[in-house]
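Asker: Letter by letter, the chains look like this.
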Amino acid sequence: MGFFENIFRGQRESSAKVAKERLLTVLVHDRIKLTPDMLEQLKSDLSEVIARYVSSVEPSEIEVTILRGEINDHIKAEFPLRRSNVS
Amino acid sequence: MARVITITSGKGGVGKTTTTANLGAALAMQGARVAVIDADIGLRNLDVVMGLENRIVYDLVDVVEGRARLRQALIKDKRLPELCLLPAAQTRDKDSVRPDEMIGLIEQLNGEFDYILIDSPAGIEGGFRNAIAGANEVVIITTPEVSAVRDADRIVGLVEAAEKGPPHLVINRIKPRLVNRGEMFSVEDVVEMLAINLLGIVPEDETIVTSTNRGEAAVFDQRSFAGQAFINIARRLNGEDVPIIALHDNQGMFDRFLGLFGRNKA
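Protein chains in written order, with numbering that gives the first Met the number 0: chain A, 0 to 86; chain B, 0 to 265.
Accuracy of the hints is not assured; some may be wrong.
[To be verified] Each computed EDC-like pair below joins lysine to aspartate or glutamate, with the alpha-carbon atoms no more than 20 Å apart:
hint, chain 1, residue 1, chain 2, residue 2
1, A, K19, B, E215
2, B, K77, B, E215
3, A, K16, B, E182
4, A, K16, B, E144
5, A, K16, B, E215
6, A, K32, A, D72
7, B, K10, A, D29
To be clear, the hints were calculated from the coordinates, so they are not data collected in a lab.
Chain A extracted, bound-state conformation (with noise of 0.2 Å):
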């Protein structure tokens, strides 16, 4: 069976690798200690300040992610603006 997995799937990545990917993204979420309120409130946050500046930021496409880095984690946000003046 791995002989043919290993045929037509190509090498698999070993399961000790995938552990450590998913523990390592696990543990900057259990570390940063954001709940999912906490999270949503940041967001709206996030959104009223943008919104002081720039008057096409939809709220509800707000994306907050965090990330794991090589040296620091980061919180990253994105905010889409909505294409009103294409031409």
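With the hints as your guide, set chain B onto chain A.
Answerer: Chain B in isolation, oriented as in the chain A frame:
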């Protein structure tokens, strides 16, 4: 002043009690006066692992509530006269003791022992708080599995918040064959993820089952790899510079030896 070391893990079943029993015995073999305390109130187990279950008259809660003096509750080990056990209460619940009472208990023991090892219950609630209250050092046990490492990481945060100094790490039940195949976290993986000081590593070892069945510490068994690993950890606690031997080499040789007799199926 005794060194008061709590042995904890977060997740259950990773080897806290086995580690406490074996480190206690190893330290006593090396000449230290050692008291081990079972802080798992309601789920007493350290006594059976040490083979002392028939000698219990009084327990930790009896002492705290004044029904017995500490000296009456301490049980001497069968083989090592310098090793004593303070058993947990079995018929009480974990909230029978408060952190300040644990601190008081440890202060009473302090003058008479070099080491006080506290076997913590699993979890992060009251029982864990009691177990670390009187400690000045913490050893965190984990196995190389996602759930155990995740819980260990939570404990690291709690120990740091409780200002117990940087915790030490023991990685238990490592299966070198799986690590070599990339199917289990390596020692380096776990150390990198938890980012705390590594005190020792212990291989998965069937002799632990046997020694626990008999109520004898594995450190008495010269052929037990796990027992030898616990002896090394005790020596490191004592300040000796004992290198951490990579298990692959050790076990590899053992596997090859077994291979000669056709028992090695890996």
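Asker: Of all the hints numbered above, which does this structure not satisfy? Sort the numbers upward.
Answerer: Hints 1, 5 contradicted; others consistent.
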